[in-house]
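Asker: Below are the chains, spelled out letter by letter.
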Amino acid sequence: MTLKKEVRVHPIRDGTVIDHIKAGQAMNVLRILGITGSSSAVISVAMNVSSQDIGSKDVVKIENRELMEKEVDKIALISPNATINIIREFGVAGKHRVELPEMVESMVRCANPNCISNTNEPVSSKFEVKKGPIRLRCIYCEHVITENIVEQLL
Amino acid sequence: MNIDRRHIVSMKDFTRDEIDVVLERAIKLEPLARGGRSDILAGNILALLFYEPSTRTRMSFETAMLRLGGSVLNLGSKEASSVVKGETLADTIRVISTYSDAIVLRHPSEGSARMAAEYASVPIINGGDGAGHHPTQTLLDLYTIKKESHLEQLDIAIVGDLKYGRTVHSLAYALSLYGANITLVSPQQLKIPDQIKEDLKAMGARVSETENLDEVLDSVDVLYMTRIQKERFPDPTEYSKVVGAYKITEAHLDNLREDMIIMHPLPRVYEIDASVDDSAHARYFEQSFYGVPIRMALLTMVLGVEV
Ligand SMILES: Nc1ncnc2c1ncn2[C@@H]1O[C@H](COP(=O)(O)OP(=O)(O)OP(=O)(O)O)[C@@H](O)[C@H]1O
Ligand SMILES: [Mg+2]
Ligand SMILES: [Zn+2]
Numbered sequence: 001m002t003l004k005k006e007v008r009v010h011p012i013r014d015g016t017v018i019d020h021i022k023a024g025q026a027m028n029v030l031r032i033l034g035i036t037g038s039s040s041a042v043i044s045v046a047m048n049v050s051s052q053d054i055g056s057k058d059v060v061k062i063e064n065r066e067l068m069e070k071e072v073d074k075i076a077l078i079s080p081n082a083t084i085n086i087i088r089e090f091g092v093a094g095k096h097r098v099e100l101p102e103m104v105e106s107m108v109r110c111a112n113p114n115c116i117s118n119t120n121e122p123v124s125s126k127f128e129v130k131k132g133p134i135r136l137r138c139i140y141c142e143h144v145i146t147e148n149i150v151e152q153l154l
Numbered sequence: 001m002n003i004d005r006r007h008i009v010s011m012k013d014f015t016r017d018e019i020d021v022v023l024e025r026a027i028k029l030e031p032l033a034r035g036g037r038s039d040i041l042a043g044n045i046l047a048l049l050f051y052e053p054s055t056r057t058r059m060s061f062e063t064a065m066l067r068l069g070g071s072v073l074n075l076g077s078k079e080a081s082s083v084v085k086g087e088t089l090a091d092t093i094r095v096i097s098t099y100s101d102a103i104v105l106r107h108p109s110e111g112s113a114r115m116a117a118e119y120a121s122v123p124i125i126n127g128g129d130g131a132g133h134h135p136t137q138t139l140l141d142l143y144t145i146k147k148e149s150h151l152e153q154l155d156i157a158i159v160g161d162l163k164y165g166r167t168v169h170s171l172a173y174a175l176s177l178y179g180a181n182i183t184l185v186s187p188q189q190l191k192i193p194d195q196i197k198e199d200l201k202a203m204g205a206r207v208s209e210t211e212n213l214d215e216v217l218d219s220v221d222v223l224y225m226t227r228i229q230k231e232r233f234p235d236p237t238e239y240s241k242v243v244g245a246y247k248i249t250e251a252h253l254d255n256l257r258e259d260m261i262i263m264h265p266l267p268r269v270y271e272i273d274a275s276v277d278d279s280a281h282a283r284y285f286e287q288s289f290y291g292v293p294i295r296m297a298l299l300t301m302v303l304g305v306e307v
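Protein sequences appear in the order of chains A and B.
With the working numbering as the guide, the letters of the first sequence map in order to residues 1 to 154.
With the working numbering as the guide, the letters of the second sequence map in order to residues 1 to 307.
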């Protein structure tokens, strides 16, 4: 019911609704999308909305924009259960769950300051992704990032 | 199972069978390491790229190569090379690949050897990447245990800095492939990270921990001592206390199991008193010699030469 009301308040014609974002992560999703106070995009954000399936969630709605694969992968790292809804002509034209990639490249900075990927060498960071509680293992130094992945996002 | 012409970066790249192949080959080559002459590597050039000081690793690679008839190229001092002009490691590796048949790399950054392997057109052997891996050390440790004790049903105590000493982590990892019974002996501040302990157990090692060195002296087959670095202790009095508690001296010798061997990757500082050197337990000098047959074995493998 609450969701239906939401739609009535903020209907968008074309754009993207990122639903089932882990509660508290909406601002980080905006950060991933590069949305700052100075961008002109029309955005609405709902935080701590109650949801039958996951207790409480955040929702981000963006007008006239579809997401790039890399943005979706980053969202998966901080909120693996999020769903991406493509809105066209006020209706849901497509829906998919974000999916954790098996490898992430140039997306996360290694938390080991002494890692070769944090030097001026021409390599980009690469991590193997382990599911469950998400764990990122640097393929260079083998350092594992488990917490505060959002702080390490590039 | 094919280590021929492959990079040697981390012990995690090895299966137990592959380790056994390396150890068997080292047994074959040991007589040559003891002063023989051979030309099986004649015509091959090994480049030694050491961005950090090393005595044992560098010299034992050189000896291994020279005794098998190969040649070595040294990077030389940092000042004399273009490293000082700011050339990236990636570029240096690409260039040196065209001058040599294999490269041994020691570099201060973790992951440098893995990256070098991506850029090299010849095999890279990791001679130590920062606080990361040092697989040839682990292999020579395993060889020492095989020769001087036994790898099956092994009871080993690893003593000292188990937190930062990542070569200890590789050793424990490799030993767990053999189902070893590992006792980790360290002060509270230098305990092995939980994550690594869990990984070892998951791999089939039996792992226990203690702070008390005396507890293990009469029960283990191998006592593996490591250096405790002063830098790890903000408080110097705390450091002296710890150093005193994790030191083997003549006074301990009577309590040791007769066939127990004492190992140390060297250089030692205070961990083993010189009075222990002539005892029947000491094996640390043999251990550093065994670096030669092990490195001979690895060189023949990465260079694709039959033995
Ligand atoms: N035109 C629109 N404008 C704004 N938001 C919309 C629009 N259409 C749908 N939404 C929002 O998109 C999300 C998905 O819509 P949908 O109708 O598929 O809901 P649902 O059946 O609850 O989906 P799910 O099973 O993924 O939870 C909801 O949060 C909904 O409020
Ligand atoms: Mg719903
Ligand atoms: Zn790293």
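The hints are simulated quantities; they were obtained by calculation from the structure and are not laboratory data.
A portion of the hints provided could be inaccurate.
[Stated by the list, open to error] Distance condition first, Cα-Cα at most 20 Å in a straight line; then the derived PhoX-like pairs of lysine-lysine:
no., chain 1, residue 1, chain 2, residue 2
1, A, Lys130, B, Lys163
2, B, Lys147, B, Lys191
3, A, Lys70, A, Lys22
4, B, Lys230, B, Lys191
5, B, Lys241, B, Lys12
6, B, Lys163, B, Lys147
7, B, Lys12, B, Lys230
8, B, Lys12, A, Lys130
9, B, Lys201, A, Lys130
Asker: The structure should be examined with respect to each hint, and the outcome stated for every one.
Answerer: Verification of the hints:
| no. | hint | in the structure |
| --- | --- | --- |
| 1 | A:Lys130 with B:Lys163 | 24 Å, violated |
| 2 | B:Lys147 with B:Lys191 | 29 Å, violated |
| 3 | A:Lys70 with A:Lys22 | 19 Å, holds |
| 4 | B:Lys230 with B:Lys191 | 16 Å, holds |
| 5 | B:Lys241 with B:Lys12 | 35 Å, violated |
| 6 | B:Lys163 with B:Lys147 | 28 Å, violated |
| 7 | B:Lys12 with B:Lys230 | 29 Å, violated |
| 8 | B:Lys12 with A:Lys130 | 17 Å, holds |
| 9 | B:Lys201 with A:Lys130 | 19 Å, holds |
Consistency note: the structure conflicts with the earlier hints numbered 1, 2, 5, 6, 7.
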